[in-house]
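**Q** Work out the full structure, taking the sequences as your base and the hints as a guide.
Chains A and B supply the protein sequences, listed in that same order. So in this note's numbering, spot 76 of the first sequence is number 76, and the numbers just go up one at a time. So in this note's numbering, spot 575 of the second sequence is number 575, and the numbers just go up one at a time.
Quick caveat, the hints were computed from the structure, so don't treat them as lab data. Glycine included, each C-beta is placed from N, C-alpha and C at the ideal position. You may find that some hints are simply not true.
To be verified - Simulated restraints on C-beta separations: (1) B:A771 with A:I101: 34 to 40 Å; (2) A:E201 with B:R398: 28 to 34 Å; (3) B:L614 with A:Y205: 55 to 61 Å; (4) A:Y205 with B:Y496: 41 to 47 Å; (5) B:S575 with A:E177: 51 to 57 Å.
As the list claims (entries may be wrong) - Over 12 Å on every C-beta distance to chain B, these chain A residues come out as not near it, computed from the model: (6) S23; (7) Q33; (8) K70; (9) A74; (10) I101; (11) H130; (12) E191; (13) E201; (14) Y210.
Said to hold, decoys possible - Computed list of chain A residues with no C-beta within reach of chain B, every gap over 10 Å: (15) E37; (16) E44; (17) L47; (18) Y76; (19) T121; (20) D133; (21) E156; (22) K159; (23) N168; (24) M174; (25) D185.
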Amino acid sequence: MARTKKRKHSGGDKRDSKKRRVSGSKILKMFKQFAGEEDYIGPEGLLKFCDEIGLDPEDIVLLVISWHLKAEQALYFTQEEFVEGLQKLGIDSIKKFKKKIPAFRKDAVDHLSSIFEYAFTFSIEEQNQHYIDFDTAISYIQLLQKNGTHTNDFCEFLKKQTSYKVINKDQWKMFYEFNNTVSNDLSDYDENEAWPVMIDEFAEYLQEKYKD
Amino acid sequence: VLPTKLYCRGGSNLDKTHLMLGRQLTLEKLWPELEEGLTHLLTRLTEGLSNRAYMTYYTNVYNFCTNNRPGANARGKSSGGNFAGEKMYEKLRSFLQNYMVGVREIADHRVDDSLLNFYKVEWDRYTTAMKTVSNIFEYLNRHWIKRESEDGKQVYDIYTLSLVIWRDELFERIKPKLTEALLECIEKERDSEQIDTSLVSGVINAYVSLGLNKDKPQENTLMVYRTDFEDEFMHRTEIYYTQESTSYIQNNSVSDYMKKVLQRLQEEENRVQTYLHPDTGPSLIRRCESILVEKHKETLWNEFQSLLQDDMLDDLICMYTLLEKIGAEGLDPLKDMLERHVQNMGGIAIQNDAENALDSPRTYVEIILEVHGQFSDLLVNAFRNDPGFSAALDKACRRFINDNAVTKLARSSSKSPELLAKYCDILLKKSAQNPEEKEILDVLDNIMTVFKYIEDKDVFQTFYSKMLAKRLIYGTSSSEYLEGQMISKLKSNCGYEYTTKLGRMFNDMSLSRDIVAEFVDSPYANASSVDFQVLVLATGSWPLQQPITNFSIPEDLQQCQSAFMEFYQKKHDGSRTLNWLMQFSKGELKTKYTKTNKSGYIFQCSTYQMGILLLFNEENILNAEAIQQATQLTDSVLRNTLLSLIKTRVLLMAPKNARTITKKHRFTLNPKFKNKRAKVLINIPVREAVNEQSKAIHDTVLEDRKLQIQAATVRIMKARRTLRHGVLMSEIISQLQTRFTPKISLIKKCIDILIEKEYIERVEGQKDQYAYVA
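**A** Now the structure itself:
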């Protein structure tokens with residue numbers, strides 16, 4: 001699978017640039033363990049990696065790690081991303097990785113908004129692509145907004161409606177906003193506010209669905 | 001004004017007056033004669049006073065006062081001179097008082113009119129006489145009285161003194177009766193009885209005259225008039241009209257009531273002119289308006305609706321006139337009712353003929369113009385062009401013109417501008433009727449009146465441009481003058497930019513003529529055997545689309561086309577490309593095959609029709625597939641063209657009646673084709689095509705609007721850098737409102753597009769703010 005270069009995006013944790021006691025060579029060794037001959041860790045390497053750390057590949061922590069590493073594309077870590085990222089995190093061994101897992105889980109809560117936004121850009125596969133397909137969108141929404149007020153309804157809406165086939169970044173971000181600020185009964189939703197049209201249509205859908 | 005000195009002939013025993021001088025002058029000596037003279041003046045005024053008597057009295061007073069001047073060593077107040085003046089003043093005063101008592105005794109026995117009469121007569125006589133008396137005592141006025149009053153004592157010049165005495169001794173005692181008598185007179189007059197208005201006027205003037213300013217006796221105030229007459233008068237007026245209006249309105253129609261009120265108001269105005277003081281005017285009228293109009297305004301409002309419905313012009317004028325008097329709040333409910341009524345009437349008028357109007361632009365526009373005209377006239381005739389009513393009319397027109405039974409049938413809110421533009425087309429096209437140019441100009445003016453109310457003005461413009469283009473291309477304009485006139489009208493309503501586009505179309509037409517003339521003169525023209533014309537039009541200026549079908553040009557025409565292409569490319573050194581719009585081309589075919597006409601018909605047909613018909617020069621029967629092969633026309637165009645040839649009976653189809661034309665259908669020329677005329681127009685539009693066109697135009701407008709909205713948004717954001725959502729929305733709407741009213745959902749879609757294309761972005765942390773992306 002050829003990798004294409006994409007625009008850089010902002011994501012990842014900006015804390016902790018002071019160097020902890022990490023060994024660059026150890027990190028590099030770890031990298032080579034999973035990358036093999038290539039200069040990147042691909043999907044196979046990642047599976048191995050998850051195995052070693054004791055993570056389910058579907059686990060949200062993997063996404064959090066990618067976010068920390070500012071990985072440009074899902075299922076791939078470049079050498080640069082891996083090495084620099086781990087240095088910043090202060091991790092140079094599997095053991096240290098394992099220790100960090102609870103902190104990563106906490107990140108998924110504390111920095112959810114940023115991670116949610118990151119999930120979009122890192123799912124894009126082609127250069128100049130500005131949208132993600134519904135399947136990808138739905139799976140990330142289920143993952144990151146498991147208990148969201150409108151999560152299930154929105155996924156249903158995406159599947160049922162016919163005006164859109166993909167979702168763009170603005171709609172993605174605004175959905176997060178909607179899911180986290182607008183209540184169940186839509187009492188604080190105002191169609192005259194700056195929502196994208198897709199969200200307005202979703203609100204209409206909700207109103208229809210829960211008419212009584 | 002009575003002369004201050006009375007001169008007359010004829011003697012009287014007053015001629016026996018004596019001039020007294022010097023030491024003879026004591027008050028006891030002087031007074032009796034003087035008193036006689038005064039009495040004479042007061043009681044027998046008409047007899048007059050002889051010069052001699054007058055002079056005698058005057059001089060006696062003078063001498064008396066001067067001989068009793070204060071001595072050389074007298075200083076200040078109490079001295080002989082003063083005392084004399086005072087004595088004389090006192091004598092005079094008590095004389096007058098006595099006289100007044102006498103008058104009062106008579107007055108006490110009188111009431112009503114006889115009292116009024118008596119009062120007036122006495123007053124006139126008294127005041128006239130007292131002016132003369134005052135002159136007789138002039139020296140006293142000028143010296144002792146003046147000095148005393150300057151010292152702040154309560155002494156008056158003789159004339160004023162007389163008024164004071166009249167007031168205190170007579171007026172104050174009888175004023176209740178007097179005022180009552182006046183008020184009864186007025187009430188009688190209101191009850192339509194005749195009264196002596198000069199009597200009333202005279203007595204009221206007396207009231208006014210008695211209003212003496214305590215500090216400045218020379219000045220008149222209206223105190224007495226107000227306190228002793230006007231207040232009670234207003235009170236009675238109120239009672240009278242309250243009672244009258246309530247009972248009248250119960251027993252009569254509102255229409256009659258209004259007339260009565262206007263009559264009463266006029267009456268009161270007259271009353272003020274005739275015998276009331278002008279000062280009373282404004283407050284009297286206002287009070288009457290309040291009682292007669294304001295208190296019954298609801299009754300009037302409730303009647304307004306039926307007056308509108310029954311078109312009762314006179315009553316409407318009355319009602320407007322009356323309610324206008326009590327201010328804006330009196331008219332507001334009328335404005336609302338008018339608005340609703342006009343909107344209703346407009347809606348009903350259109351609904352009654354909706355089916356018809358949907359298909360006939362003329363009918364539709366004429367209905368609108370009738371309703372609008374009817375109420376414009378009403379606005380002028382009944383409501384005096386009142387701006388508030390004018391605004392109500394405009395609002396109502398705006399509503400029923402843009403949203404009515406026809407737009408609902410068409411399921412499009414833009415049907416109105418479409419029909420309006422189509423009506424323009426009908427008027428500007430050559431027609432069988434050929435009405436006067438002036439007539440047409442008037443109708444065009446009316447159309448612009450309706451245009452002002454149209455919300456989707458851009459739809460009108462798009463249709464108009466397209467239809468103008470067709471008129472120019474097909475040469476169906478009835479008059480260049482009218483076309484030009486219409487453009488001027490559009491210029492003032494739509495702006496410069498729109499009309500310059502139209503102007504360019506006209507320009508192209510004349511440029512085309514020049515090019516063709518050049519072509520004809522050139523050697524290239526020899527190559528073609530067919531007579532033909534070309535219209536060369538600049539792509540950007542004309543609202544014309546590329547053809548939706550291919551077309552294999554018949555050979556005969558190909559020559560023309562190539563010849564012209566060569567000529568044109570040579571002329572422009574190959575720098576320009578020509579796209580042939582075959583769908584607008586037409587021509588004439590001469591026929592020789594018909595059995596019904598020896599010399600053959602001439603068909604005026606479209607080029608596509610020609611392409612099909614020329615095939616029959618080679619074959620007698622052709623099926624649809626073959627025709628398509630040969631002409632390369634697409635399915636829908638082929639179908640429409642064949643249908644038009646069938647409809648005009650030029651071609652016969654087997655099987656005859658088919659819903660759709662399939663490849664197997666066979667076609668032949670109809671040998672029995674017959675027509676009254678030798679030249680037959682067979683290039684008729686097929687209905688479907690027309691409807692498709694309409695829809696296509698609406699789609700064009702929609703696309704155009706999206707671009708406009710996006711352009712406006714980017715312009716605004718570039719200027720303002722960051723903006724809140726609500727503000728951006730209203731800025732966009734206001735920038736575009738002269739062209740169309742953008743829907744909120746459409747604007748939002750455009751904003752979404754611009755965010756995706758990264759022209760604008762949301763501001764971090766401010767979910768309802770946008771920022772321009774440089």
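**Q** Flag every earlier hint the structure violates by its number, smallest first.
**A** Checked against the structure, the hints that fail are numbers 11, 12, 13, 23 and 24, while the rest are satisfied.
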